[in-house]
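K.L.:
Chains A and B supply the protein sequences, listed in that same order.
According to our numbering, the stretch in the first sequence is residues -13 to 589, in order.
According to our numbering, the stretch in the second sequence is residues -13 to 589, in order.
Since the hints were derived computationally from the structure, they do not count as laboratory data.
There may be inaccurate statements among the hints.
List of simulated lysine to aspartate or glutamate pairs, EDC-like, C-alpha gap at most 16 Å [said to hold, decoys possible]:
#, chain 1, residue 1, chain 2, residue 2
1, A, K408, A, D420
2, A, K(-5), B, E207
3, B, K448, B, E462
4, B, K3, A, E207
5, A, K(-2), B, E380
6, B, K448, B, E471
7, A, K3, B, E207
8, B, K498, B, E437
9, A, K359, B, D322
10, A, K474, A, E431
11, A, K586, B, E321
12, B, K279, A, E270
13, B, K359, A, E321
14, A, K359, B, E321
Derived contacts from chain A toward chain B, CB cut-off under 10 Å, selection only [said to hold, decoys possible]:
#, residue
15, K3
16, A188
17, M191
18, A196
19, E339
20, F561
Quick reminder that beta carbons are idealized off the backbone N, C-alpha and C, glycines included.
2 protein chains.
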Amino acid sequence: METQLVLPKYSKTVVLKFVFGQSDGGVRFIGQRVVVGGWVKSSRAVSKDPVTAAPDAGVHKDVTCVEILQSRFPFFRSILKVLGGAGQQIRDKLDTDLPMPPQLTGAILQVSDGSCVANLQVVVDSSLAPPGRIMPIGTCILAEGILQQPSTQGKQIIELKAEKILHIGTVDQDRYPLSKRRLPMANLRDSAHFRQRTTTVASVMRIRSALTQATHTFFQENGFLFVQVPIITSTDCEGASENFQVTTLSGKGKIENQSTADDAGGVELEVMKVSIEEKTKQVEELKRTDSNKEALAAAIQDLKKTTELVSQLEAKEKAKSGKPTSSGNKDKVSEDFFSCQTFLTVSGCLHLESYACALGKVYSFGPRFRANKIESRKSLSEAWMVELQMAFSEIEDAVDCADDFLKFICKWILENSTEDLKFLSKRIDNTIVDRLQLIATGVVEYISYTEAIEFLNEVTEKQFETKVEWGVSLSEEHESYLADEIYKKPVIMYNHPKEIKPFYTRLNDDEKTVAAFDVIVPKVGTLIRGSQNEERFNVLSTRITEMGLAKEQYEWYLDLRRHGTAKCSGFTFLFDSLVLYATGLDDVRDAVPFPRSFGKANN
Amino acid sequence: METQLVLPKYSKTVVLKFVFGQSDGGVRFIGQRVVVGGWVKSSRAVSKDPVTAAPDAGVHKDVTCVEILQSRFPFFRSILKVLGGAGQQIRDKLDTDLPMPPQLTGAILQVSDGSCVANLQVVVDSSLAPPGRIMPIGTCILAEGILQQPSTQGKQIIELKAEKILHIGTVDQDRYPLSKRRLPMANLRDSAHFRQRTTTVASVMRIRSALTQATHTFFQENGFLFVQVPIITSTDCEGASENFQVTTLSGKGKIENQSTADDAGGVELEVMKVSIEEKTKQVEELKRTDSNKEALAAAIQDLKKTTELVSQLEAKEKAKSGKPTSSGNKDKVSEDFFSCQTFLTVSGCLHLESYACALGKVYSFGPRFRANKIESRKSLSEAWMVELQMAFSEIEDAVDCADDFLKFICKWILENSTEDLKFLSKRIDNTIVDRLQLIATGVVEYISYTEAIEFLNEVTEKQFETKVEWGVSLSEEHESYLADEIYKKPVIMYNHPKEIKPFYTRLNDDEKTVAAFDVIVPKVGTLIRGSQNEERFNVLSTRITEMGLAKEQYEWYLDLRRHGTAKCSGFTFLFDSLVLYATGLDDVRDAVPFPRSFGKANN
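One chain only, chain A, in its complex shape (with noise of 0.2 Å):
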């Protein structure tokens, strides 16, 4: 059975996911002429036989491309080393020009056009590229020839035997950072830029695609609008939030002088202050030695100058440690871009919310931002989020959304992303098909927050590291003993005190608690973050002050309750965190393509 290969648009280039797809693996495009590009992951040198067509010709000699290069050009190597990265272009030219040793007499390249885990074996004679030139690690090359039966005997069952090279992209290996193989995640974590072209990074990633098709596929399956909340706010939507600021006042210069000047005022004070002292002595002596009066009168008008100064000075220092006149500091804030203070973005809950009492059901998907100054695998600066209100809706209702969203990415996953699951098992853990399944087709465990507190407080065959008390947030190790140990499934916490939960969540009755869910799942704890919202003007106002927030900063919010309010609920869905328990992966830093933290933006 033959198939005409579909070209892919946009490029002259075959998809290996579509070649390797095949129900028969891609053995019904043999004898076919395509473009392959890609990256290679792994060479070897083919020595004396020249390598043919037929399987199984040739006897071929394991070589790595540094052996190659090592062994071979010693004397070129270390002039290249000198001259270090402005080398590379000469060292391309040798590489071109210098006659291969003649047992060399081609390359076997597997390479990976980053669209699937399997990579195509490509068979490159020595006349078309010189072996050492195309080997390394991370080459990038463009190959034109004809796919046929594999010529070596291992689990490919095509490869690809060039004709024409169309594109080399050389790497300079001493600089390359993937030159070694199977890298730790923490050490790839420093090239942001190059991480995803590892087989392991590139499966992270192309899951992360997934995941994100299946949110915005089930949400507008169900109706849901896309609405894009602003990353620049002026409110702060959860109220006391570690932010960043955004603005365009602060230039480099400008906070550099600022600091010198600072120092500067103490240091002329205390020289002011004894040239005083010296200027009162020096008065006195004037006065004592019954001197000139001329000079007298000079000397006591500069004592006075200086004593004037000097109280101008002291002024100055007390208002620097002072707190700013709120005349000064707003005059200041009008001269930034928005004429007002703004931060990034650490929820959209209210902004959407907005749209929800006008549209129904929306939803949000993009980055949030916590300037939290710690370093943690699970925590990230920018984050990604999916936030999602529905107006006429109730607890109960945002609860089993919730509940029908997990199912339906995790499904989504473990049929869409068969092959990166299945090296991710392999290389990173090999749970991970069982917990998505897990999931997907398992039900859940309903428990207050009342309820989880006393269950906590019962146990006795665990200590934990930090005391439950009812009225404060369960911590990581508590959420991870009842989702892993007790219920090994997603457990839905309900109710929980109003202090631990956002100004907006709706009070219950009993006047303690509010109409917030959390779904904690083994492995990475807290995945969504629920609630009803506040409907009532005069109980949401009451709580905006019992929690101390500056209430004028919620008054468009408030709007909301004066005008047409309506029974808001919805959640925010920690998308990182799912890439965690989609991939195995233990960092959150790992399932971000750039990760920022504390201290960590280097692109």
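Knowing the structure of chain A, use the given hints to seat chain B on it.
P.N.:
Frame of chain A, contents of chain B only:
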């Protein structure tokens, strides 16, 4: 034909879009019991005759809510006006408790749930709720009842006869910004949390959501992976952009004090300089008058000290006006959250390309930021962009993709947003459907930048405000002339001078132009900016130097060329401008949920 209503999930309310979306406009549901929730768009009081289920049975007198309240309760109204906002509760109570005037027996409400353009007519007997309480525009109502044939003459083909009112969210009419109907768009901008309750803005936002959905669908159908590029970045992706800084350093107080300290520095210096003159005179006077040695020595010592202090102050003032020393600046930046200067991203292209150079075809969709201090109907500080990058692809591929993409989303909107387009054609611009069809089914015009300049230079029938010259960007008037007046269809302009395109655009063989293209469409101008990227290390490195950019910032991007470079192309799609194109709006601030522009970030 009767269809059982499928109740929507996650709410008890039926979605109006589903009801009206039936081929018979919902007539099939007559007789069924439903719960409907929404906001009152207009209302009429029913007087004298009770509302009955039979059509055209009652003789209705049109009375608006405001008329009722003002004519019937003048005394209470004036009291409530005095009470202001605090009167809300009392007013609600009055509305509830006051006996209705005998002639008002109910209300007919036009209710929207935001899911579609059409309103549902809801008939509420005064025994269920006081008409004056539910009739104001913007009132939220949740009602259970039976769908029936309309009881009034009009365009409705079904209505809801309410049997139970489950919730009323009243409106404080004096303060509700939408109490007046048909407010100009510019006035609505100040109520970003409410304006989506108007039929026009709701339509625009539904179209925006549909365009988002179309975007994701196109890229996913064509094998693109979604990559979340960072918002916080230490790289200026286009070089020399007007950036927003992201910081946790600049507290309110510090900014204010800095200004005072700066000013004070100059004043002190002047005072001290005067003081030196006087002290010099004093010393000379002491010498001249042959005064005692101790007094003279003290005066000389004092002069010396003051002179030293002045030269210290002068050095400080000089540093202030000049550039800061790099070491001092570095120290301060190192205290910031990320230990380096960070900005809001102006473009995700570079980050995205590092993923293309590993995974093949990738796209992103998110806000990008520019701190341009201008107010314009085309400019936003936070604008939404679709960006894509494809490895092994050249400029022609990117142009093909841009063309297909535009056709796809315009076709999508024509097929999926029929009702909203119909409404906006009537309300805003009756050419939007033609315009969308122009792209969806039409051809584009190709013209090189050089040809365009030559052509525009020969134009005599029109006077341009700015001169056309090779080497400068075309201004809006030139683009508009080409797309709106000459070609009357999308124009793809290519091969721009290298000076007017970003540093990473690939240099053509003439070494003057680059492999860039813009898609310019009638009405909104540039919609897409694309390019093939410079894959040659040396050329890229030279371009960065030529343009005077800070090279160290781009080292990571240069790495992509050092190690396994591939030909890449892609484009940036100005999403908000497409919303203008598709809706007929003129100002981009009306096309974004929460617009951010110079001086405006209200919530």
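K.L.:
Are the Cα atoms of K3/B and E207/A separated by 16 Å or less?
P.N.:
holds (14 Å)
K.L.:
Is K448/B within 16 Å of E471/B, Cα to Cα?
P.N.:
holds (11 Å)
K.L.:
Between K(-2)/A and E380/B, is the straight-line Cα distance small enough, at 16 Å or below?
P.N.:
holds (9 Å)
K.L.:
CA of K359/A to CA of E321/B, is that 16 Å or under?
P.N.:
With a Cα-Cα distance of about 12 Å, the restraint between K359/A and E321/B holds, given a limit of 16 Å.
K.L.:
When you check the alpha-carbon spacing of K408/A and D420/A, does it fall within 16 Å?
P.N.:
holds (12 Å)
K.L.:
Was the hint right that E339/A lines chain B, CB cutoff 10 Å?
P.N.:
holds (9 Å)
K.L.:
Return the status of the interface hint for K3/A: holds when the least beta-carbon distance to chain B is below 10 Å, violated otherwise.
P.N.:
holds (8 Å)
K.L.:
Is the interface hint satisfied for A188/A? The criterion is a beta-carbon contact with chain B at less than 10 Å.
P.N.:
holds (6 Å)
K.L.:
Take the C-alpha atoms of K448/B and E462/B, compute the straight-line distance between them, and say whether it is at most 16 Å.
P.N.:
Holds, at roughly 14 Å.
K.L.:
Below or equal to 16 Å on CA atoms is what counts here, so check K586/A against E321/B.
P.N.:
holds (13 Å)
K.L.:
Verify the proposed pairing of K474/A with E431/A, using a straight-line Cα cut of 16 Å.
P.N.:
holds (9 Å)
K.L.:
Given the hinted pair K359/B and E321/A, is their Cα-Cα distance within 16 Å?
P.N.:
holds (12 Å)
When the structure is compared with the earlier hints, no violation turns up for any of them.
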